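Enquirer: The residues making up each chain are set out below.
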Amino acid sequence: MSKPKVAFFDFTSCEGCQLEVLNQEPQDMIDLLNAVEIVNFREAISDKGQDYDIAFIEGSISRPADETRIKKIRRQAKILVALGACACTGGLNAMKNKYSAADYKNYVYKDKAHYERLDTYAVRPVSAVVKVDCEIPGCPINRFEFLRIVKSVLMGVTPQLPDYPVCVECKMKDNVCMYQRGETCMGPVTRAGCDAICTSYGDPCTGCRGFVPHPNLNAQKDVLAKHGLSPEDVMLNFTMFNNFSKEDTTR
Amino acid sequence: MHKAMTRAELALFAENLVKTNVVYGVVAKDKQFGWDRILDHKEMVLDYPTTISSPKKYFLPPTETLIEFKLAANPDPKFVNHSQEAILFGMHACDLYATSMLDNAFEDTNKDPNYLEKRKKAILIGVSCMPDPDCFCNKMGVDDAVHNEAKISKKEALYDLFFTNIGHKYLVSIGTKRGEDLLAKYAKPAEASKAELDQLKVVEKKRVESFTSEMKQDVEQLAKLMPKTYNSSVWKEYADKCFACGTCNLVCPTCYCFNITEKVKLNLQEGSREREWDSCMLPQFAEVAGGENFREHVAERLRHRLMRKGLYIKEKFDKSGCTGCARCYRNCTADISIVEMFNRLKEVTENE
Ligand code: SF4
Ligand code: SF4
Ligand code: SF4
Ligand code: SF4
Ligand code: SF4
Numbered sequence: 023m024s025k026p027k028v029a030f031f032d033f034t035s036c037e038g039c040q041l042e043v044l045n046q047e048p049q050d051m052i053d054l055l056n057a058v059e060i061v062n063f064r065e066a067i068s069d070k071g072q073d074y075d076i077a078f079i080e081g082s083i084s085r086p087a088d089e090t091r092i093k094k095i096r097r098q099a100k101i102l103v104a105l106g107a108c109a110c111t112g113g114l115n116a117m118k119n120k121y122s123a124a125d126y127k128n129y130v131y132k133d134k135a136h137y138e139r140l141d142t143y144a145v146r147p148v149s150a151v152v153k154v155d156c157e158i159p160g161c162p163i164n165r166f167e168f169l170r171i172v173k174s175v176l177m178g179v180t181p182q183l184p185d186y187p188v189c190v191e192c193k194m195k196d197n198v199c200m201y202q203r204g205e206t207c208m209g210p211v212t213r214a215g216c217d218a219i220c221t222s223y224g225d226p227c228t229g230c231r232g233f234v235p236h237p238n239l240n241a242q243k244d245v246l247a248k249h250g251l252s253p254e255d256v257m258l259n260f261t262m263f264n265n266f267s268k269e270d271t272t273r
Numbered sequence: 007m008h009k010a011m012t013r014a015e016l017a018l019f020a021e022n023l024v025k026t027n028v029v030y031g032v033v034a035k036d037k038q039f040g041w042d043r044i045l046d047h048k049e050m051v052l053d054y055p056t057t058i059s060s061p062k063k064y065f066l067p068p069t070e071t072l073i074e075f076k077l078a079a080n081p082d083p084k085f086v087n088h089s090q091e092a093i094l095f096g097m098h099a100c101d102l103y104a105t106s107m108l109d110n111a112f113e114d115t116n117k118d119p120n121y122l123e124k125r126k127k128a129i130l131i132g133v134s135c136m137p138d139p140d141c142f143c144n145k146m147g148v149d150d151a152v153h154n155e156a157k158i159s160k161k162e163a164l165y166d167l168f169f170t171n172i173g174h175k176y177l178v179s180i181g182t183k184r185g186e187d188l189l190a191k192y193a194k195p196a197e198a199s200k201a202e203l204d205q206l207k208v209v210e211k212k213r214v215e216s217f218t219s220e221m222k223q224d225v226e227q228l229a230k231l232m233p234k235t236y237n238s239s240v241w242k243e244y245a246d247k248c249f250a251c252g253t254c255n256l257v258c259p260t261c262y263c264f265n266i267t268e269k270v271k272l273n274l275q276e277g278s279r280e281r282e283w284d285s286c287m288l289p290q291f292a293e294v295a296g297g298e299n300f301r302e303h304v305a306e307r308l309r310h311r312l313m314r315k316g317l318y319i320k321e322k323f324d325k326s327g328c329t330g331c332a333r334c335y336r337n338c339t340a341d342i343s344i345v346e347m348f349n350r351l352k353e354v355t356e357n358e
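Sequence order for the protein chains is C and U. Residue numbering for the first sequence is 23 to 273, as defined by this note's numbering. Residue numbering for the second sequence is 7 to 358, as defined by this note's numbering.
Treat the hints loosely; a few may be bogus.
Stated by the list, open to error - FRET-style restraints, in silico, Cβ to Cβ:
(1) 59(C) with 80(U): 28 to 36 Å
(2) 34(U) with 59(C): 46 to 54 Å
(3) 42(U) with 141(C): 48 to 56 Å
To be verified - With a Cα cut of at most 25 Å, we get these calculated DSS-like pairs of lysine-lysine:
(4) 117(U) with 322(U)
(5) 269(U) with 195(C)
(6) 76(U) with 25(C)
(7) 271(U) with 195(C)
(8) 247(U) with 248(C)
(9) 268(C) with 242(U)
(10) 25(U) with 48(U)
(11) 35(U) with 248(C)
(12) 195(C) with 37(U)
(13) 268(C) with 247(U)
(14) 117(U) with 269(U)
I should point out that these hints are in silico values taken from the structure, not numbers from a laboratory. These numbers were taken from a predicted model, which means no experiment stands behind them. Backbone N, C-alpha and C define an ideal beta-carbon position, used for all residues, glycine too.
Generate the whole structure from the sequences, applying the supplied hints.
Expert: The following block contains the structure:
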């Protein structure tokens, strides 16, 4: 069997997820390169192959030109994988959807706000524009999950993401809950898979992996409020990574 | 039979143990307490209210490799079991009880070598405690490890050694020959005096009187109540607040469910069979091939969990499925209290 050809493309993003792809243990990297042929990866190689089977898409769709480009990639790729929060949920980028274009442009670009090339529209995840075969969430992605999903794709198995919240991984590590340290946390409604990395290092989960299926969002609002957050701060927790998300909350 | 040790003698005993054995004990963790490997006996806490999760993690680790194999015509499976001689120092009565319940579960029909081997190699040292405001182990009948031993296991004590804090000293109850030998090897305790044994009774009476939990029913009453609650409206009431996050199961000393997965390495040539903790509050727990889910709704999962705690385990092993440690409540981000649920079930069932 010839090795599948893999390409990486970045859209509106910080390229942190591509860095995580490279940030593997040496043996894992060797095994990865033995398993696939990377033909397009701006972060790592200068070749620009346009013949690929699997496309990893980092970043959100935020300009008309992005749409044209992603549709072209979709036509070529047999399998299209959304890589990271920006691509999966719109991520941090989607926060700007709450504001008017004039407001965020003046805020971010100041005296250069009128430059035309800075024009963008409301941010969308990749799946809002083309069919996505599988998603690797997180800001940044978890490199072990990346390898897990690559393996599934190579074996022709539908990749599975955990369908339970971060609290599960957090308790498996016997962490002291952020709420017991007098802080708040989005763990109860956020999809696990990061091995509760933030709470394990003493930081609250901010929900970068998107909501768990059927999240109890009302309860989460109540709990945040009960622990002293103002309605504005409660909303900030919900819109930081999940401003685009429209969840099915039936339970 | 009781021996007596001063605090200094106990500290020396612990120091000696730590020097030459693998010792797990309780350490302070951000205003909470947790079980951890003890490398310096001074870090070990004996006077603590409760731990985040239970010491079951040393017999049933959160994740564990069971088998390693090759993806070849001959898979050449190798069984994996990382068991070692270890001492668990500082177990409360409730966790000793829970361990005996887990023993039943893993000895039952299909003996589980990974659990049983770790368990067999472990020495359990108990320590007395005072109930915190949420503890209700008294109602579950598991609060007195020293005197309940006959009632519970019928054969042997639940512990190898058990230390009771009587103020100026610790009294040691010897549960097994193994415990006796350990004590003789690392310490030279005196026999407890008449005055010390009297003080033990005073301390035990004080403990019994210190419970403040609102729990209204005992094990037998619960087992009678639960079958009547199957269609109760209470389940939905609490489901509305619940995240289905599984925390209540994962921190529970008597929850033993696990999931088995087979993982393949990136070289696609080797793989392993892994087991990891599972939880009946999670969505996939009761899902079967084809996507059918026997407990799709959170209310059904809450009901199942409490049926396990109040009824099913009692029926299966004639032991309480709940020790009353209240870990599930303390760690629940939604503040769902098992005591409040049991009480509410009683109240509503009586009026429904
Ligand atoms: S998800 Fe986060 S790390 Fe990844 S590209 Fe977007 S902003 Fe960067
Ligand atoms: S710290 Fe966050 S993720 Fe961990 S148990 Fe608490 S709420 Fe859940
Ligand atoms: S703990 Fe939360 S914020 Fe941190 S990586 Fe995991 S999902 Fe993202
Ligand atoms: S810990 Fe609380 S919120 Fe989480 S599943 Fe249990 S009862 Fe529900
Ligand atoms: S159900 Fe709750 S109170 Fe009962 S043993 Fe488990 S964690 Fe402790």
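Enquirer: Does each hint fit the structure? Answer for all of them.
Expert: Hints and how they fare:
Remark: the range hint 28 to 36 Å for residue 59(C) to residue 80(U) is upheld by a beta-carbon distance near 30 Å. The beta-carbon spacing between residue 34(U) and residue 59(C), approximately 52 Å, falls within the hinted interval of 46 to 54 Å. Checked against the hint of 48 to 56 Å, the C-beta distance between residue 42(U) and residue 141(C) comes to roughly 55 Å, which is consistent with it. The straight-line distance between the Cα atoms of residue 117(U) and residue 322(U) is roughly 16 Å, inside the 25 Å bound, and the hint therefore holds.
As the CA atoms of residue 269(U) and residue 195(C) are separated by approximately 21 Å, the hinted pair is consistent with the 25 Å bound. Only pairs whose Cα atoms come within 25 Å are accepted, and residue 76(U) paired with residue 25(C) is accepted, the gap being roughly 21 Å. With a C-alpha separation of about 23 Å, the suggested pairing of residue 271(U) with residue 195(C) holds against the 25 Å cut-off. Between the alpha carbons of residue 247(U) and residue 248(C) the distance comes to roughly 13 Å, so the proposed pair stays at or under 25 Å and holds.
Only pairs whose Cα atoms come within 25 Å are accepted, and residue 268(C) paired with residue 242(U) is accepted, the gap being roughly 24 Å. Between residue 25(U) and residue 48(U), the direct Cα distance comes to roughly 12 Å. Compliance with the 25 Å bound is thereby established for this hinted pair. For a cut-off of 25 Å, the pair hint linking residue 35(U) to residue 248(C) stands: about 24 Å separates their Cα positions. Between the alpha carbons of residue 195(C) and residue 37(U) the distance comes to roughly 17 Å, so the proposed pair stays at or under 25 Å and holds.
About 20 Å separates the Cα atoms of residue 268(C) and residue 247(U), which keeps this hinted pair within 25 Å; it holds. Pair hint residue 117(U) plus residue 269(U) holds up; C-alpha atoms about 24 Å apart against a cutoff of 25 Å.
Violation of the numbered hints given earlier is absent; every hint is satisfied by the structure.
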